[in-house]
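Enquirer: Given the sequences, and given the hints that come with them, work out the whole structure.
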Amino acid sequence: MMYFASCSEFHNLGIYKEGSVEEVAYLYNTTHTWNMGPKEIGIILPSSGYLIDEAPLVVGKTLDLDALKGYASELLNAPETVEAVQKLKILIPDLDIVGVMQ
Numbered sequence: 001m002m003y004f005a006s007c008s009e010f011h012n013l014g015i016y017k018e019g020s021v022e023e024v025a026y027l028y029n030t031t032h033t034w035n036m037g038p039k040e041i042g043i044i045l046p047s048s049g050y051l052i053d054e055a056p057l058v059v060g061k062t063l064d065l066d067a068l069k070g071y072a073s074e075l076l077n078a079p080e081t082v083e084a085v086q087k088l089k090i091l092i093p094d095l096d097i098v099g100v101m102q
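Under the working numbering, read the sequence shown as residues 1 to 102, first letter to last.
Quick caveat, the hints were computed from the structure, so don't treat them as lab data. One should not assume that every hint holds.
[As the list claims (entries may be wrong)] List of simulated lysine-lysine pairs, DSSO-like, C-alpha gap at most 30 Å:
| hint | residue 1 | residue 2 |
| --- | --- | --- |
| 1 | 69 | 87 |
| 2 | 69 | 17 |
| 3 | 87 | 61 |
| 4 | 69 | 89 |
| 5 | 17 | 87 |
| 6 | 17 | 61 |
| 7 | 89 | 61 |
| 8 | 89 | 17 |
Expert: Listed below in structure tokens is the structure:
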């Protein structure tokens, strides 16, 4: 499961929606944030005792794989994450990508 937030710093401001990769990419591509800061797309972590239940993948125009390592490194190469990253690269082609999947 993925999420879209129109304000990366305060998710309760503006739009916050959970959905498929396609749904959140559509919101990312069609939502104007005006003065709310950068948009964000992230992955919702499975319930496994994490203090953090969301991990950002895209903030602004950057898909940051290195940042995901800091949240939940075991998710970096999980099949769901790999598939989500591949789809995001296609659905939002102008993203700057930081880091690599191993």
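Enquirer: Take the hints in turn and mark each one as holding or not.
Expert: Taking the hints in turn, this is what the structure says about them:
For the given pair, residue 69 sits about 19 Å from residue 87 by alpha-carbon distance, which is consistent with the 30 Å threshold. Distance hint between residue 69 and residue 17 is fulfilled; the C-alpha atoms sit about 24 Å from each other, no more than 30 Å. The suggested pairing of residue 87 with residue 61 holds, with an alpha-carbon distance near 15 Å, which does not exceed 30 Å. Our distance criterion of 30 Å between C-alpha atoms is met by residue 69 and residue 89, whose separation comes to about 19 Å.
For the suggested pair residue 17 and residue 87, the alpha carbons sit about 18 Å apart, so the restraint of at most 30 Å is met. Straight-line distance between C-alpha atoms of residue 17 and residue 61 comes to about 19 Å, which keeps the hinted pair within the 30 Å bound. For the suggested pair residue 89 and residue 61, the alpha carbons sit about 11 Å apart, so the restraint of at most 30 Å is met. Straight-line distance between C-alpha atoms of residue 89 and residue 17 comes to about 20 Å, which keeps the hinted pair within the 30 Å bound.
Of the hints listed earlier, there is not a single one the structure fails to meet.
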